[in-house]
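Number of protein chains: 2
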Amino acid sequence: MKRPIYLDNGMTTRPSSLAVSRMLPYLSEKWGSPSAPHQFGQQLYPALEESYRALYALVGAKRQDSFVFTSSGAEAINHVIATGYHDITCSTGKNQFLTSKVDEAPAILAIGRLEQLGCVGKMVAVDSYGRVDIQALKESITPRAALLSLSWANGLTGVIQPIADIAALCRDRGIALHLDATHVLGRLFFSWEEVGAQYITFNGDQLHATKGTGGLFIKEGVKSSSFILGGIEQGGRRAGPLDVPALVALGVAAQQLVEARELMCTEVARLRNKLEEGIVAGYPEACVLFCEAERLPCRTAIAFPGMVSEALLWLLSRRGVYGCIGGGSYQQISLVLSHAAVASEQVQSAISFCLSRETSEEEIDEAIEIIVGAAKKLRKLSVSFIPGGNHVA
Amino acid sequence: MKRPIYLDNGMTTRPSSLAVSRMLPYLSEKWGSPSAPHQFGQQLYPALEESYRALYALVGAKRQDSFVFTSSGAEAINHVIATGYHDITCSTGKNQFLTSKVDEAPAILAIGRLEQLGCVGKMVAVDSYGRVDIQALKESITPRAALLSLSWANGLTGVIQPIADIAALCRDRGIALHLDATHVLGRLFFSWEEVGAQYITFNGDQLHATKGTGGLFIKEGVKSSSFILGGIEQGGRRAGPLDVPALVALGVAAQQLVEARELMCTEVARLRNKLEEGIVAGYPEACVLFCEAERLPCRTAIAFPGMVSEALLWLLSRRGVYGCIGGGSYQQISLVLSHAAVASEQVQSAISFCLSRETSEEEIDEAIEIIVGAAKKLRKLSVSFIPGGNHVA
Chain A
1 MKRPIYLDNG MTTRPSSLAV SRMLPYLSEK WGSPSAPHQF GQQLYPALEE SYRALYALVG
61 AKRQDSFVFT SSGAEAINHV IATGYHDITC STGKNQFLTS KVDEAPAILA IGRLEQLGCV
121 GKMVAVDSYG RVDIQALKES ITPRAALLSL SWANGLTGVI QPIADIAALC RDRGIALHLD
181 ATHVLGRLFF SWEEVGAQYI TFNGDQLHAT KGTGGLFIKE GVKSSSFILG GIEQGGRRAG
241 PLDVPALVAL GVAAQQLVEA RELMCTEVAR LRNKLEEGIV AGYPEACVLF CEAERLPCRT
301 AIAFPGMVSE ALLWLLSRRG VYGCIGGGSY QQISLVLSHA AVASEQVQSA ISFCLSRETS
361 EEEIDEAIEI IVGAAKKLRK LSVSFIPGGN HVA
Chain B
1 MKRPIYLDNG MTTRPSSLAV SRMLPYLSEK WGSPSAPHQF GQQLYPALEE SYRALYALVG
61 AKRQDSFVFT SSGAEAINHV IATGYHDITC STGKNQFLTS KVDEAPAILA IGRLEQLGCV
121 GKMVAVDSYG RVDIQALKES ITPRAALLSL SWANGLTGVI QPIADIAALC RDRGIALHLD
181 ATHVLGRLFF SWEEVGAQYI TFNGDQLHAT KGTGGLFIKE GVKSSSFILG GIEQGGRRAG
241 PLDVPALVAL GVAAQQLVEA RELMCTEVAR LRNKLEEGIV AGYPEACVLF CEAERLPCRT
301 AIAFPGMVSE ALLWLLSRRG VYGCIGGGSY QQISLVLSHA AVASEQVQSA ISFCLSRETS
361 EEEIDEAIEI IVGAAKKLRK LSVSFIPGGN HVA
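Going down the list, the sequences are from chains A and B. 4 is the number that this note's numbering gives to position 4 of the first sequence; each next residue is one higher, with no gaps. 196 is the number that this note's numbering gives to position 196 of the second sequence; each next residue is one higher, with no gaps.
The set of hints was computed from the structure by calculation and includes no laboratory data. Incorrect hints may have been included.
You can't tell identical chains apart in this list, so a pair holds if it fits in one copy or across any two.
Cross-link-like lysine-lysine pairs, in silico, DSBU-like; alpha carbons within 30 Å at most [to be verified]:
no.	residue 1	residue 2
1	Lys30	Lys274
2	Lys30	Lys2
3	Lys101	Lys62
4	Lys376	Lys2
5	Lys94	Lys219
6	Lys223	Lys62
7	Lys376	Lys122
8	Lys223	Lys122
9	Lys101	Lys223
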């Protein structure tokens, strides 16, 4: 089979070759534990420092802010929400935890678990672009609100949340703000200082790092105790042997994200736009969703009215183009679109495509052809099989 | 510097070269997500199945038992204890959580956190070998006891817990039993069926797997909800992208542990005994601790009365022999020995050495010479500096 065209970079990305090659010595010769007081452990420090420096630069963190290296973004999100109970609720009595109706599963389920401890979860409604509705948020916040946890951007549609307004509201109401920045890192220019969130988390394997990587930044002065308890590793913030090879790979990936940010915001955005225009030109019923909203440069969600997304996804996969309809730890695109009150024939037929800095123009040209062809074929089949319709042999 | 003699295999082990080489394709070409419905994801299944098979064989689990791949043993222990609250306490009201006074930090601190939720933690006293005192355990258990969490063997002294008696008692009193099997896997022949624990956890980087690996086995029919919430990965038991490369490495390491078990219990035990005898022959004040108890074949704790362990550890490290006095996620050896009511001059001067299947006879011969020499040198210095003593220039 020909090499497939991978447009599922919202789910996972190819680990950077440089990141992998840099991690290898830490899997073979330099395998010590940095907690050990002998040379095998101590020799690891320069590489660790370099990784931390790259990660702090990626989000614009200050030296005084804290970083916890985690095994995934899901762990980091669970960390923020579960310890929020111990660090906020137990000391202040504030017990309302908020997220949006279209947020990803870790935040929604971790808040659900806190309800077993007497907390109150609230999933805030979204507007017609799937963004947090500021008015609904204002009305949802009670005097006992502790924490708002949000994906900075939607992983399927690419729509960016109105973070400035949200952060200002949280500040006014004295609510801690957690942003899952996975989808925006390397795709958006921002300074954490200006954003004003207390916690920023991310998942590494969506950022060209290896699997088993993620992180949590905690603003200076903000309390955040340990989620995985049990040791002095990472300053007591996360027990378990530090996965040095993975952290080295993550550091390299972070540096490359910063270096490729310009490319991402210009060239990759151009290719994304070309993909959208090409699909609509070849298959005029197709509808690019939320293109008037502020979106990430690499993502698009496109509806193909008249067919179901699963069938199109399957046919595309057979023809060597990999897209995504969500699921797993992420939302399902149909859920996101339903909450944004999109028309049901679009909800049922939408597919998300996510480019990376490695996506080539040739791939996009070819993808347009394959996607248009697949949509036309399915459209024909669907028409043929409309119950009571004019059946074609 | 000459290649050091690594006798700190209780802290971390060299990742198996075979395990690392087998994981590499999953870092470079086969980097997909097994949750993805296309070929990039689906091609991973054969390797995953092989890993799971090796892991089930390692502990003697049945197909009906569940396995959760975690990022470390610390995460797995936190999983068992934290979800114990949701799965046992919330449904039955049983709220006492027990461990031993010499258990490792994750269990002790995770139970400590449950006390914030109204649970009662109990650290059970140990006997003169540092084993759980069965009489003390009987007296500690209340009718509301939910879970007993124990390290199967002590990571520093190698002393094995009287698991059969403990498990029988737990069965009688209706208490769930969790065993951290990290130290015994590949070092002890056992069948999980006979042991009777509900949960078995382990940490991979102490078993020649890579860092970022660990696991939790759950007996058929035992409820254990998710600790890291948020997705369908691993049957909904742990959210976050499955770290396929690390799991592949862990599977290979598991198979090698099984293959090397005979060697571990004969040849490595012989070398451990040789180390002990050699040290005592060269430095007769040295005292091998707990050698009458049932111990792991690869570990020894030796006291060197008349000096402090930190000084000896440092000098040994300078001379190229790496031992351990605990700390980090693990206990400190002085704490373990204090609870076992060992004489204070032994408590202060004990060092733990842990061999691996890779330790050679030449290394042991050389280690004996270096350890004896270092102890003699420190002994001379200590005598010289006894306050008010006969100061030697």
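Taking the hints in turn, this is what the structure says about them:
1. In the homo-oligomer, the alpha carbons of Lys30 and Lys274 lie at most 30 Å apart only across protomers (29 Å), although the nearest pairing inside one protomer, at 46 Å, exceeds that limit.
2. For a Cα distance limit of 30 Å, the shortest separation of Lys30 from Lys2 across copies, 15 Å, qualifies, whereas the shortest one inside one copy, 38 Å, does not.
3. For the identical chains of this complex, Lys101 and Lys62 are neighbours neither inside a copy (32 Å) nor across copies (40 Å), given an alpha-carbon limit of 30 Å.
4. With identical chains, the CA atoms of Lys376 and Lys2 are at most 30 Å apart within one copy only, with a shortest distance of 22 Å there and 69 Å across copies.
5. Within a single copy, Lys94 and Lys219 get their C-alpha atoms as close as 20 Å, which meets the 30 Å cut-off; across copies the closest is 38 Å, which misses it.
6. Taking the closest pair of Cα atoms, Lys223 and Lys62 come within 30 Å of each other only inside a single copy of the chain (16 Å); across copies the shortest separation is 43 Å, beyond that limit.
7. In this homomeric assembly, Lys376 and Lys122 never come within 30 Å of each other (Cα to Cα): the closest approach is 42 Å inside a single copy and 67 Å across copies.
8. Both within a single protomer and between protomers do Lys223 and Lys122 lie at most 30 Å apart by alpha-carbon distance, with minima of 23 Å and 27 Å respectively.
9. With identical chains, the CA atoms of Lys101 and Lys223 are at most 30 Å apart both within one copy (27 Å) and between copies (29 Å).
In the structure shown, a violation is registered for the earlier hints numbered 3, 7, in ascending order.
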